[in-house]
Amino acid sequence: MNGQPLISLDQAPPVGVPLRFFITAPLFALAAALLLLWKGAGLFHSRWDPAMLGITHLLTLGFMGLIMLGAILQMLPVVAGAPMRRPERVAAFIHILASAGVILLCGGLIFTVPLALKIALPTLGTALLLFAALVVVTLRRALPQNMTARAMRLAALMFAATVLLGLTLLSNHAFGWWLRARETLADLHLTWGLLGWVGLLIAGVAYQIVPMFQLTPAYPARLARWLAPVLFILLLALAPARHSPALWSVLKILLAAGFAVFALTTLWLQTKRRRKLPDVLMNFWRGSMMSLLAAIALWLAAQLVPAIGDMRGYGMLLGVLMIVGFAMSIINGMLYKIVPFLVWFHLQSRRGANGPTVPNVREIMPESRTRWQMWLHFTALAVLLAAIVFPAAFVYPAALLFGASNLWLWLNIVAASRTYSRVNALLGKATASAG
Amino acid sequence: MTTISGFLAPDHKRCDELFAATEAMVASGDWDGAAAGFGRFQEALLHHFAMEVEVMFPAFEARTGMTQGPTAVMRSEHRQMTDLLNQMSGAIAGKDSDAYLGDADTLLIIMQQHNVKEEQMLYRMADQALANELEEVVGRMRAMT
Numbered sequence: 001m002n003g004q005p006l007i008s009l010d011q012a013p014p015v016g017v018p019l020r021f022f023i024t025a026p027l028f029a030l031a032a033a034l035l036l037l038w039k040g041a042g043l044f045h046s047r048w049d050p051a052m053l054g055i056t057h058l059l060t061l062g063f064m065g066l067i068m069l070g071a072i073l074q075m076l077p078v079v080a081g082a083p084m085r086r087p088e089r090v091a092a093f094i095h096i097l098a099s100a101g102v103i104l105l106c107g108g109l110i111f112t113v114p115l116a117l118k119i120a121l122p123t124l125g126t127a128l129l130l131f132a133a134l135v136v137v138t139l140r141r142a143l144p145q146n147m148t149a150r151a152m153r154l155a156a157l158m159f160a161a162t163v164l165l166g167l168t169l170l171s172n173h174a175f176g177w178w179l180r181a182r183e184t185l186a187d188l189h190l191t192w193g194l195l196g197w198v199g200l201l202i203a204g205v206a207y208q209i210v211p212m213f214q215l216t217p218a219y220p221a222r223l224a225r226w227l228a229p230v231l232f233i234l235l236l237a238l239a240p241a242r243h244s245p246a247l248w249s250v251l252k253i254l255l256a257a258g259f260a261v262f263a264l265t266t267l268w269l270q271t272k273r274r275r276k277l278p279d280v281l282m283n284f285w286r287g288s289m290m291s292l293l294a295a296i297a298l299w300l301a302a303q304l305v306p307a308i309g310d311m312r313g314y315g316m317l318l319g320v321l322m323i324v325g326f327a328m329s330i331i332n333g334m335l336y337k338i339v340p341f342l343v344w345f346h347l348q349s350r351r352g353a354n355g356p357t358v359p360n361v362r363e364i365m366p367e368s369r370t371r372w373q374m375w376l377h378f379t380a381l382a383v384l385l386a387a388i389v390f391p392a393a394f395v396y397p398a399a400l401l402f403g404a405s406n407l408w409l410w411l412n413i414v415a416a417s418r419t420y421s422r423v424n425a426l427l428g429k430a431t432a433s434a435g
Numbered sequence: 001m002t003t004i005s006g007f008l009a010p011d012h013k014r015c016d017e018l019f020a021a022t023e024a025m026v027a028s029g030d031w032d033g034a035a036a037g038f039g040r041f042q043e044a045l046l047h048h049f050a051m052e053v054e055v056m057f058p059a060f061e062a063r064t065g066m067t068q069g070p071t072a073v074m075r076s077e078h079r080q081m082t083d084l085l086n087q088m089s090g091a092i093a094g095k096d097s098d099a100y101l102g103d104a105d106t107l108l109i110i111m112q113q114h115n116v117k118e119e120q121m122l123y124r125m126a127d128q129a130l131a132n133e134l135e136e137v138v139g140r141m142r143a144m145t
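As you go down the protein sequences, you meet chains A and B in turn.
1 is the number of the first residue of the first sequence in my numbering; add one for each residue after it.
1 is the number of the first residue of the second sequence in my numbering; add one for each residue after it.
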């Protein structure tokens, strides 16, 4: 072996830890597209239709959830400043349990198999709650002035609450017991999931990522300090406020305002960026923030003009804007930074002083491929929105485009991981012949 | 009041500016400008490392006795960044924009994470540990310019 291992590498888990999650996740989004293709326009009749719930969870748990698991397992030891014990086993355990849980849950909902739902309950519950506990406990050790870690802890608490509500609803589905507050719980489940877990996590990540990659000014200190805790308290207050329509509306308006401030601040910071090169990640962020603003505008319009809220497809438009537009855009873009960097980082650290050159991040993830996949993603988003309004005309193009976009994303990640294996083997040979 | 944070953190911003300006020139194919810009950027970054490695880190290590702690991590990241700078220097000489931009992307990530760690952790620790000799330590770093 050449030289001393780098200390930061001691803390970073092996590259396979996050990659196994990143490689699985787009396949769940692809499965969602295939289901849409199979079921067609009928799916859009109700967002509470079990098949629609299945598709939604393929995206929120299968795609978004798995990538979050991988990214956070990669990051935790570095933030906590201590290597994780047996990282590969922990990752394999959570990965297999969570993937199996998603398949059981979504398969059970889509094909109406109560037994699958019954098995999904302990499987998903164990994987997700174990993970949430790991995050909350580990991030307690992070520096108090680290606003990203603070927001992430709050997001993890919201995630745990969302999972608990989800498990309650799932047990109701699986065992058919009488749950009086079912609609209220479902409403809280999706609000806490999309705004609490996803929204707070994205805000926390943004504080660090937006200035870092585009060299923008930092988020205003007061915003970074207060936004996530305030949103968290507003979200919690939704539960008891359920019985007071006036308070409920006020809380929701404040939440909408908070997220609008976040989106507008992000777009404003990006106009002040010092790094002017065209950048795929920045365009993903822009598209994401605009989707968030569009969702807020649509929601606000429905508050002012109740007829809009009663429109068929209103809830589904909000869902697509938030899930595909807001969340999946950023995740997709982030993968294009995280995956090549991790591949490079691990190869570089294995390369001795005189080892063969390691491909750079642009060679590992060429921009020509990521840029076109990005346009495909945003086209798919637009056509999906059109398909909700005009199902007959757009549902099949939407499913095809969305499937193609996620297939391409998957191929891009697989290509990077194959580059890792190929160069890693070369490095192994070079070390052997040098030694 | 003179502090290590107050002296070294703005220097990170200066390096960022030079990085972004050079990268833009490489992307637009202005190789003469890029060569000059890269020279300034490389000098600024290496100078920043030198101030830390020759003055601040030894003072911090002597005061705290921590030689295998944060400063060791920072030194190893300095080595990674210096390697990338050398590769980028080769890319400038060969007018290879793909190679330059690829290494620049990588350098940016390491540099920014490194800066966050220094500004949120190491500089604050150093400001506390070296509270009685801040003037002297910062003065020696300033004398290096």
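Quick caveat, the hints were computed from the structure, so don't treat them as lab data.
Incorrect hints may have been included.
[Said to hold, decoys possible] Pulled from the structure, derived: some chain B residues nowhere near chain A, Cβ distances all over 12 Å:
# : residue
1 : Val55
2 : Glu61
3 : Gln87
4 : Asp103
5 : Gly139
[To be verified] Derived DSSO-like pairs (lysine-lysine); straight-line CA-CA distance at most 27 Å:
# : chain 1 : residue 1 : chain 2 : residue 2
6 : A       : Lys272    : B       : Lys117
7 : B       : Lys117    : B       : Lys13
8 : A       : Lys272    : B       : Lys13
9 : A       : Lys39     : A       : Lys118
Please read all numbers here as calculations on a predicted model, not as lab measurements.
Each residue gets a CB set at the ideal place from its N, CA and C atoms; glycine is no exception.
Each hint tested on the structure:
no.	hint	result
1	Val55	22 Å, holds
2	Glu61	15 Å, holds
3	Gln87	8 Å, violated
4	Asp103	5 Å, violated
5	Gly139	27 Å, holds
6	Lys272(A) - Lys117(B)	24 Å, holds
7	Lys117(B) - Lys13(B)	14 Å, holds
8	Lys272(A) - Lys13(B)	14 Å, holds
9	Lys39(A) - Lys118(A)	24 Å, holds
The earlier numbered hints that this structure contradicts are 3 and 4.
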